[in-house]
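Protein chains in written order, with the working numbering: chain A, 117 to 473; chain B, 117 to 473.
Read the hints as simulated data drawn from the structure, not as lab findings. Mixed in with the good hints there might be a few duds.
You can't tell identical chains apart in this list, so a pair holds if it fits in one copy or across any two.
No more than 20 Å apart at the CA atoms, straight line, and that leaves these computed lysine to aspartate or glutamate pairs for EDC-like [said to hold, decoys possible]: (1) Lys159 / Glu386; (2) Lys169 / Glu275; (3) Lys174 / Glu275; (4) Lys230 / Glu333; (5) Lys159 / Glu279; (6) Lys159 / Asp127; (7) Lys430 / Glu333; (8) Lys197 / Asp437; (9) Lys174 / Asp152; (10) Lys159 / Glu275; (11) Lys248 / Glu427; (12) Lys307 / Glu408; (13) Lys159 / Glu354; (14) Lys169 / Glu354; (15) Lys174 / Glu386; (16) Lys447 / Glu427; (17) Lys197 / Glu237.
Small disclaimer: the values here were computed from a predicted structure and weren't measured.
2 protein chains.
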Amino acid sequence: MPDTPLPKHTDLSSIGEFGLIRRIDELVATRAEDADLSANLIKGIGDDAAVFKTGAGKLQLLTTDSLVEGVHFDLTYTSMKHLGWKSIVASISDIAAMGGLPRYALVALAIPQKISVEMVEEFYQGAAFAGKKHACLIIGGDTAASLSGMMVTVTITGEVSPERVRYRSGAKPGDYLCVSGHLGASVAGLKILQREKTRFAESGNGEFRPKLDPYREVLEKHLMPNPRRDLAKIFAGEIDVNALIDISDGLASEVGHLCAQSNVGAAVWEHNLPLIAATQLVAGEFAESATEYALYGGEEYELLFSISEGEFAKLERLSNDVTVVGRVTEKEQGIRWVKESGEELPLEPGGWNHFGR
Amino acid sequence: MPDTPLPKHTDLSSIGEFGLIRRIDELVATRAEDADLSANLIKGIGDDAAVFKTGAGKLQLLTTDSLVEGVHFDLTYTSMKHLGWKSIVASISDIAAMGGLPRYALVALAIPQKISVEMVEEFYQGAAFAGKKHACLIIGGDTAASLSGMMVTVTITGEVSPERVRYRSGAKPGDYLCVSGHLGASVAGLKILQREKTRFAESGNGEFRPKLDPYREVLEKHLMPNPRRDLAKIFAGEIDVNALIDISDGLASEVGHLCAQSNVGAAVWEHNLPLIAATQLVAGEFAESATEYALYGGEEYELLFSISEGEFAKLERLSNDVTVVGRVTEKEQGIRWVKESGEELPLEPGGWNHFGR
């Protein structure tokens with residue numbers, strides 16, 4: 117006998133597309149707790165397009181991001197709530213990477229037949245929860261059938277004042293290169309989930325319980341990451357960064373983008389990479405390198421930024437969650453990886469690249 | 117020997133995700149011919165999010181729409197250029213259905229391995245061409261691998277003045293119910309494409325040439341529809357409509373939405389439905405009813421609107437492409453289908469419903 121009753125499974129065909137939209141509306145409409153977001157929303161879900169007002173004098177930011185089943189997520193170990201959460205976070209992170217704050221979200225879902233009404237509701241609960249935590253309101257979207265896997269495309273609008281918008285370009289030789297949070301944990305969490313999935317399949321019976329406790333921090337980082345809206349708020353206020361990008365394809369790849377668009381080089385220092393013990397534990401168990409997780413692992417949703425020494429000194433007083441990982445140099449010096457031993461190598465991108473099959 | 121050389125097929129893996137993004141940027145960046153759209157775009161493709169300015173005092177419109185291979189399109193008879201065109205048009209139509217004009221677009225693609233670099237380029241050529249024709253600029257998006265079919269999600273922003281935004285609600289008893297263009301042609305075009313695909317498969321040799329000439333108008337309506345930006349411009353200016361929606365799931369379904377949200381009933385008149393000869397020809401060949409195509413066929417991208425008699429008299433002087441198809445009534449009278457014979461029946465929605473498998 118199973119420990120828990122089987123979850124309720126209502127087929128989408130029994131309520132139809134319009135029944136589903138009504139349920140989604142109920143789930144997301146109650147989350148409009150941010151007074152400014154609510155006041156500026158004229159029309160949410162239920163018409164041909166959403167309608168809203170923008171802040172006076174603000175620039176608008178717009179980004180979209182797709183998550184594809186089998187490519188970006190595996191439903192055997194990703195709950196629908198986590199998927200909903202992460203799909204919102206991925207786009208908020210892109211807004212933060214422009215120095216902006218998120219405003220409104222549209223969620224487009226392509227839903228295969230195996231997905232029940234309850235699962236879609238859980239997805240929106242996770243999405244609405246992420247929106248609530250990070251002051252972003254879901255105001256529309258699309259639902260379509262899919263013949264194969266599930267797919268999620270989230271679009272998010274954001275705002276930033278014209279003098280505070282920041283690009284990948286703008287880094288200056290002499291700047292510190294900094295990252296928020298710690299690196300490599302998301303891929304470490306993914307490796308644990310994949311290993312426990314394999315062990316479960318090999319155990320051949322329902323008694324198997326995955327061993328997850330020691331990995332709590334890396335699993336949370338993979339399944340329920342937080343975008344750095346907190347830092348975007350600081351950058352929108354007193355701290356002036358020169359270039360800004362979020363880390364979605366690994367540090368090495370993002371340093372490459374930032375340097376290319378800023379027309380500079382960089383030195384990245386191994387000895388300063390922020391790694392937590394749980395990431396190192398996982399790397400050890402797989403006989404791999406936590407440093408490589410940090411350089412080439414994706415889905416960090418942390419920020420990489422270039423900042424003058426003077427501004428960094430001010431920033432340190434406001435946040436204890438930023439680390440200097442290198443320095444911007446002249447372009448001619450290239451992008452160098454400075455090992456703890458003092459040895460220097462060219463830093464190749466090598467992050468996650470779709471289509472590099 | 118085939119008549120034409122095989123098309124060039126470059127695998128996406130040979131140029132990678134960033135190579136692809138550079139090519140897309142080149143295809144869409146040259147299309148910024150509308151001076152206002154260009155002047156207000158601060159940053160397009162190539163950073164974490166697009167950045168733009170909005171019109172002073174305008175409300176913002178935002179809509180997203182997904183097209184899924186095997187559900188919304190079939191690549192055996194849909195060229196990539198047509199697919200790109202239609203994916204932009206579908207969302208512009210939603211903006212027009214709010215009384216607004218489109219501004220900027222984001223295009224998210226999930227691309228399976230069978231799709232070449234050249235095919236993706238053709239997709240963006242079609243998308244950029246639609247954008248150019250209807251004054252909408254592609255400023256960003258996302259590209260991801262897909263393990264199964266291709267999927268397109270387009271998000272479009274639009275603008276409208278606060279006094280001119282129009283909803284599905286707002287229809288008043290006594291209003292005329294009007295549609296733009298003609299109805300039923302898109303599904304007629306689809307039926308021809310499906311029939312010729314079957315004939316081609318059954319012919320068993322490469323000599324088969326589909327017979328398409330008599331159906332040119334319905335094929336064009338299905339493959340390369342135009343959104344009614346022209347009418348949205350008129351509604352943004354001198355003509356005041358009371359309720360507005362676009363026809364994407366069939367007239368019957370959209371009348372149902374408009375009546376439900378306006379809290380009214382309606383009479384829809386068979387004798388006034390705008391049908392073209394090619395649509396009637398196709399219905400005849402299939403021993404089906406062109407009227408049913410008009411009521412239940414989808415993907416029309418025409419507008420349905422409720423308008424006072426006085427305003428309609430003014431509108432008729434500005435456009436010869438609108439037809440009165442019925443009248444708004446009190447809610448208690450329900451939604452009635454008035455046949456040419458004078459017989460009246462309740463009009464059931466029955467349009468395209470995802471998940472009604």
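Each hint tested on the structure:
In this homomeric assembly, Lys159 and Glu386 never come within 20 Å of each other (Cα to Cα): the closest approach is 50 Å inside a single copy and 33 Å across copies. In this homomeric assembly, Lys169 and Glu275 come within 20 Å of each other (Cα to Cα) both inside a single copy, at 11 Å, and across copies, at 10 Å. Taking the shortest alpha-carbon separations for Lys174 and Glu275, both the intra-copy value of 6 Å and the inter-copy value of 16 Å come in at or below 20 Å. Taking the closest pair of Cα atoms, Lys230 and Glu333 never come within 20 Å of each other, the shortest separation being 31 Å inside a single copy and 39 Å across copies.
Within a single copy, Lys159 and Glu279 get their C-alpha atoms only as close as 30 Å, which misses the 20 Å cut-off; across copies the closest is 14 Å, which meets it. Neither within a single protomer nor between protomers do Lys159 and Asp127 lie at most 20 Å apart by alpha-carbon distance, with minima of 29 Å and 43 Å respectively. Taking identical chains as interchangeable, the C-alpha atoms of Lys430 and Glu333 are never at most 20 Å apart, the minima being 29 Å within one chain and 66 Å between chains. When the C-alpha separation of Lys197 and Asp437 is checked against a cutoff of 20 Å, the pair qualifies neither within a copy, at 27 Å, nor between copies, at 48 Å.
With identical chains, the CA atoms of Lys174 and Asp152 are at most 20 Å apart both within one copy (14 Å) and between copies (17 Å). In this homomeric assembly, Lys159 and Glu275 come within 20 Å of each other (Cα to Cα) both inside a single copy, at 19 Å, and across copies, at 14 Å. Proximity of Lys248 and Glu427 under a CA criterion of 20 Å is satisfied in neither setting, with 31 Å inside one chain copy and 44 Å between copies. For a Cα distance limit of 20 Å, the shortest separation of Lys307 from Glu408 inside one copy, 13 Å, qualifies, whereas the shortest one across copies, 54 Å, does not.
Proximity of Lys159 and Glu354 under a CA criterion of 20 Å is satisfied in neither setting, with 34 Å inside one chain copy and 24 Å between copies. Taking the closest pair of Cα atoms, Lys169 and Glu354 never come within 20 Å of each other, the shortest separation being 26 Å inside a single copy and 23 Å across copies. In this assembly of identical chains, the alpha carbons of Lys174 and Glu386 never lie at most 20 Å apart, being 39 Å within a copy and 50 Å across copies at closest. Proximity of Lys447 to Glu427 under the C-alpha cut-off of 20 Å is found in neither arrangement, the shortest distances being 22 Å within a copy and 64 Å between copies.
Taking the shortest alpha-carbon separations for Lys197 and Glu237, only the intra-copy value of 9 Å comes in at or below 20 Å, while the best inter-copy value is 36 Å.
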